[in-house]
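Chemist: Here is what each chain is made of, one letter per residue.
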Amino acid sequence: MEHEQVEKEVTRKSALIYLPISIGAALLFLLAASLTGNHPLVARIGGMVWVGLLSLIVSMPVVISRVKKQFQAVPLEK
Amino acid sequence: MTKTDLELSLPISGMTCASCVSHVEGALKELPGVSNVVVNLAANKANLSYDPRRVKLDQMRRAVDDVGYAVPTAELTLDVRGMTCASCVDHVESALRELNGVTASVVNLGLGAAKVTYIPGLVSTSAMKRAVRDVGYEAQERSEGANALDRERQVREEEIKRQGRNLIIAGTIGLIVMIGTFYDMLGAFKAFVPEFLSYKWVIGLLTTPIVFGPGRQFFTNSWRGLKHGVTDMNLLYATGIGAAYGIAVINTLFPNAGFGGEGATFFESAALLTAFIILGRWLEALTRGRTSEAIRKLMKLQPKVARVMRNGQEEEVPADEVELGDAILVRPGESIAVDGEVFEGYSAVDESMLTGESLPVEKKAGDPVIGGTINKTGAFKFKATRVGKDTSLAQIIKLVEDAQASKAPIQKLADWVAGHFILGVHLLAVVVFLFWFFFGYQMFFDPNSSFIMSPYKLGEIGVFGFSLLLSVTVLVISCPCAVGLATPSAMMAGTGKGAEFGVLFKGAEAIENTSKLQTIIFDKTGTLTKGEPSVTDVVVSEQPALNRVAGSVNSDRLLQFAAIAERNSEHPLGEAIIRGAERRGLQVVEPETFNSIPGHGVEAKAERTEILLGNRKLMKERGADFSALMPQAEALEADGKTVMFVALNGQAAGLIAVADTLKEYSAEAIKRLHKLGLEVAMITGDNRRTAEAIARKVGIDRVLAEVLPQDKAEEVKKLQAQGKKVAMVGDGVNDAPALAQAEVGMAIGSGTDVAKETGDIILIKDDIRDVVVALEVAKATMRKVKQNLFWAFFYNTLGIPLGAGLFYAFASVVISPELAGLMMAVSSISVTLNTLLLKGFKPSVGRGQRPASTLRLQPAQAPTGND
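Each protein sequence line maps, in turn, to chains X and Z. Our numbering numbers the first residue of the first sequence as 1 and each following residue consecutively. Our numbering numbers the first residue of the second sequence as 1 and each following residue consecutively.
Quick caveat, the hints were computed from the structure, so don't treat them as lab data. Treat the hints with caution; some may be incorrect.
Claimed, not checked - Derived pair list, reagent style SDA-like, types lysine to any residue, alpha-carbon separation capped at 20 angstroms: (1) X:K68 to Z:L423; (2) X:K68 to Z:E25; (3) X:K69 to Z:H420; (4) Z:K56 to X:V6.
Just chain X, with the same shape it has in the complex (with noise of 0.2 angstroms):
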């Protein structure tokens, strides 16, 4: 039970750090699209989500894993 709630806890602490990332890679992307040649709107917005998906499936791994270990380093420490 107890291992189910820290998932939980893991998951929300994880998705407040790996979806800001994700949208404002999207965002900065959408950005440079605009600013830089011609591109046509569609093309920036396919590219803002395939660079948001891209982003996304980077920075999840990457950061539940770090959430995890902090999680399992604090009863260590106890």
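Starting from the known structure of chain X, arrange chain Z on it as the hints suggest.
Modeler: Frame of chain X; chain Z shown alone:
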């Protein structure tokens, strides 16, 4: 690991690549109380230590499930007799549930049956039956219950069937999608293809069941993993297929959305990519099981039934229910069920499958028999001395299984690389997309160029579609599945191959270390030599006085006199002389008188002759003049032999030299080791002169003489300090510290009681040439590992730049996602097929002179009775 920790070998299903290995390892490591987690992809097992007070088996199972894999379970139905009420049900259920490895048990009182869900390999049927019996009921296995081996095969066959079914769906529809996509290029064949197949919406409709049917596994598995912070190659496929399909749907439904329109629907990419990936999975499932064929063959040797004599009656019982002390009857042609000792009857038994001994071994009362071997000629009865997991065959199977589940250092590195590869690939996919979107498209784009295996002109695609397709191709082409398979598949084949020749590697590390050896140290006594003295030379005096006092004396006569004198002696040298005389067919009669002279020799009288046998001091004391024979005596001693002087009726009659003789194949083995480029050393407690004499005979390069048993490990250490990779070959009991100190310890001639042995390699037979076999198998295996790793990385090294469009700037060539999928499937298959080539490996030693395989039964010959 603490004292309370238990070791566990947990079967895992669903792993396909090295990243899966790291995910499962990660998931298990995260559990409290779990340590030393090692996951083996080829064996589909996770070996770990755990504290049962802190973590339960079910938690481990859930942890594995959570990251997208499964711990396969099997079901078994037991007929339970004696249950009368609901409380009986509770008792039986609880008794079964308490067993480690049982995940669920449901008892049906009406049917008198208990359905048990358990993890194969962790708990045996007999343990379940015992548990039920212990709480007061009788249990019997229902005949439909499959054993662990059948279950393992069943699981593999189910996977082959599942992927085969997926392949038929994805392949057939994918082919139609491809024909429809290429409709305009069909020329004369157009007449045979309905035109509606080329309609985009029809192609879309056909692709959808492929993506959401056979392709669904990639999405569900990757999402389950992602939720728990793990990425695997399913994710590469899911993003690849998903992106291609998503864009195709948008371009079909909303052609004016700006993604390239109808000219850039990638349905065929999504369909063929799925089909090719599934083709790879199917072929992999087909071939992977074959690398563990050796263990399967060993398992098949396990007899199913035994004829146990109970109350004077012959009763056929399952082999795993034979108990210690049971009397078992074996008829000609039958397998011996368990290990035991013959107490009645006579026969010859084929033990080739376990010991490599090609001729049937004679068995009479008092002789041991090994479970799994086959009785050839007569019938006999034996008493069970080792049953269940204690039998030799069970020990060998366990040893080989453990070795196959272990991880070589080279594999740990490959797994680490592959495990981190996926994230790297996704990052690379972002970089590739950004590059082509912002720079590459403008700089290099050629509207007339096209993808390989795709009908589209790139000009129809546009900046987003072009960048996206290259990004997707990178994801698909980078799959490290071949990297994950490269080492474990070869290690499994190598350990199995070793077992075939009676060479048991205790782990993958033993194989890797053996392949790097530079120096082999042999223990002398019992390893290079027979370990018991025997007569080597008989020298007769040529003095005429001898004939006057003792009649005509030749070497046989001299040996006969000496043997008669030693007849009542218990000295090892005396026994050697008696054996020597008997081997020459000489009659050794009882002496008329006998007197032992402690520390010097013996004197006896026989056939009116006074015989004096002993050392030179004794001869000097008794006035026998051996001055004429002294040069020969000294030459024999210089050869490391012990010389005994014989005087007959007071006259010097001759010399008898006794020495520990070399084993039959010692010289051949050392010659072959030299051919392999190894330095060979010998370690012994003997004096240097004796040791060097032996060393000269067999061609030993380095002699470590006068070494006390407890100092042998120190000598090994000294060689290691010189930077040498050292193997020690000795018997597993006396030389244990030296075997442990060496990089590789080889315990030779252990027989089949392998559990007691120390050392990294166990050579079942007492044949020193098996050291060469071990080296050749290890080298062949490591060669295969390196070839596999080369091919695996070669595909990725070549594929990634190709997929990323690196060559597009120069050659206008871009690989399509479906071709990338095909390439990756080919990489996995080529690695597995390359490993399978190891099946044909035969060691150089005694080709044609020794059994080619211990697992293949040789035609038996009738026993001669005097072997």
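Chemist: Which constraints among the numbered hints does this structure fail? Numbers only, ascending.
Modeler: none
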